[in-house]
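K.L.:
Please arrange chain Y on chain P, whose structure you already have, making use of the hints.
For reference, the chains in residue letters:
There are 2 protein chains.
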Amino acid sequence: MSTFPVQIVERAALILTGSEILRAKVQESNLHPLASTLRALGISLERASIIPDDRALIAAEIRSLIRDYDVVFMSGGIGPTHDDVTLEAVADAHGVTAQVHPELRKLLEQVYQERLTAAHLRMGLVPTGADLVSLPEILWPTVVMGKVWILPGVPELFRMKLSVVRAYLRGPQSIVGRAAYTMMDEAELKPLLDEVVRDHPLVSVGSYPKWFDPTYKTKITFDGSNTDDVERALAALLCRLPAGEPQRTE
Amino acid sequence: MSTFPVQIVERAALILTGSEILRAKVQESNLHPLASTLRALGISLERASIIPDDRALIAAEIRSLIRDYDVVFMSGGIGPTHDDVTLEAVADAHGVTAQVHPELRKLLEQVYQERLTAAHLRMGLVPTGADLVSLPEILWPTVVMGKVWILPGVPELFRMKLSVVRAYLRGPQSIVGRAAYTMMDEAELKPLLDEVVRDHPLVSVGSYPKWFDPTYKTKITFDGSNTDDVERALAALLCRLPAGEPQRTE
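Chains as they are written, first to last, in the numbering used here: chain P, 8 to 257; chain Y, 8 to 257.
Treat each hint with caution, since some may be false.
No copy is singled out in the list; a pair is fine if it fits within one copy or between any two copies.
[Claimed, not checked] Straight-line C-alpha distance at most 30 Å; calculated DSSO-like pairs for lysine-lysine:
| hint | residue 1 | residue 2 |
| --- | --- | --- |
| 1 | K113 | K154 |
| 2 | K224 | K154 |
| 3 | K217 | K113 |
| 4 | K32 | K113 |
| 5 | K32 | K217 |
| 6 | K217 | K154 |
| 7 | K113 | K224 |
These aren't lab readings, by the way, just hints derived from the structure by calculation.
Same shape as in the complex, but just chain P:
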C-alpha cells in the first residue's frame, strides 16, 4: 500500500462543494470536524469556500487556493452521478486528465463483483499523478493530488477519513488556547482588551459576545504557539478585570 510521507503544513483551506448546502437542502456539517482536527494538529485553517457542484468553478477555486495555502481539503462530489465532478475538477486545476486507477478498479471489482457498472467505475477516477493514501483500518484510499486532499461529502465518511489526515499531516507547532468568561459586555472590555492585544503581539485574542446565556456575556480567547505567551496574555487580562471577574476560565 502507500508509503506516503508525513507532511508538515502550516496554512490550510477547505472547499466544500455543495449545491445542496447553498440551496438549504442539507445543513453543512463537515467544517467543524475538520477545523477541530486541524487545530489539534497545529495546522491553521484559514478559509473555507462553499461553492456549487460546477466543474469549472471548482477548478478555478482550487487553482486560486493552491497558490495561497499549503494544503487544500475538498469535501463532496466524489460519487458516481452527473453532479459528482470533484475528481475531474482537481485534474483540470492541475492540467492533467482523470483516469480510473488500477488499484481502485480492483477494489471496486471486489465490492461490486458482477454488478459492477461504468457508473461504479467513475468512483475510481483519479487525476494523473495523484497519490493514494491509505491506513490499514480504512478500506478506501484517500486521493491526494499535490496539495489537494480529496475527502467525501457524506458526513459519516468525512469524519472517518479525518484519521488519514491525522496520520499524515502535522502543523509546524501545536496551538495552545485559553479562554476567560465574563459578565462584562464587549464595550466595557474593549479598553482593557486593546492594552492586552497591544502588549502581546504573538497571541491572537478573540472576543465573542453571547446573548441569552445566564452564565456569561463575553468569552475572551487567547491562542498562540507558545504556552508561556498565551498564559501571560490571559494573566494580563485577568489582572485588569474588576473584582468578581472572570466568571470562569478554561
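P.N.:
This is chain Y only, laid out in the frame that chain P set:
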C-alpha cells in the same frame, strides 16, 4: 426612517467573518438560515466564504464578490472590539471611510445613556454613503452599502435580521423543488439520471446518498423556476424506476 426600495436580485454570496469558526471554537450556524430564507425568496445563494477577522482580507473578498454577484451578505465582526472590523472593511472595499452615523449615535445614546463610551460608538460606524434599512419591529437598523448587506454574527440576532432581508429583497422568480427517495444506490441510478438531466435542461437535478438511514439510500432533487418543468423532470425519473420505487416523494 428608511424609504429603502424593494430590490430584485438573482445571485447572492455570503461572507462569514469568523476566526472563531475556522479555529473550531464555535460551530457555524448562520449559513443554513440565510440559505433557507433566500431559497424561499427565489434568490440563488451561489457561494459562501468563511474567512478570518482580518480587515484587508475581508475587503479583498468583498471587492471580488461584488463584481460577480448581485447581493453580498456579511455576517459577523460588527461589535465594538479590536477583532470587529467588518464596517471598516466594507468601507475600504468601496474606497470610502466609515463614520459614526448620527441616527445610530442617537440610538446608542438612548440605550447606554451616561455609560456611553468610545467603544460603544464603534457600533455606530457606517461606511460613507451607506443606507440604514429598518423595519418597525426591529430597533437597530441594518447597514446596506451598495450590494453589501451587513448582518450580525450572533446567531439569534442574525436570524432576527433575516426579516429585513425578507422585507426588502426578492428573486426574479420563485424556485420550485421536488424530491424522490429511493433504496437504489447512486451507481444504479446514474444511467436513468443521465437521461433525465439530458432531457430537462431547465431543471437542476441533484443526487444525495444517505448512509445509515433505513428508509432510503439516495435522495434525488429537482429544482427549477417553472412548476411544470420540475414536475415533468420528476415524472421522467419516476417512470424509469423499477417496481416498488420510489420509497416516497416530497
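K.L.:
Please go over all the hints and tell whether each is borne out by the structure.
P.N.:
Now the hints, each set against the structure:
1. K113 x K154: Intra 26 Å, inter 52 Å, cutoff 30 Å: intra-copy only.
2. K224 x K154: Neither, since 41 Å and 32 Å both go past 30 Å.
3. K217 x K113: Cα proximity of K217 and K113: across copies only (24 Å, versus 53 Å in one copy).
4. K32 x K113: Answer is neither: 35 Å inside a copy and 42 Å across each miss the 30 Å cutoff.
5. K32 x K217: both (28 Å within a copy, 13 Å between copies)
6. K217 x K154: Between copies, since 29 Å is at most 30 Å while 37 Å is not.
7. K113 x K224: between (57 Å within a copy, 24 Å between copies)
Comparing the model with each numbered hint stated earlier shows that hints 2, 4 do not hold.
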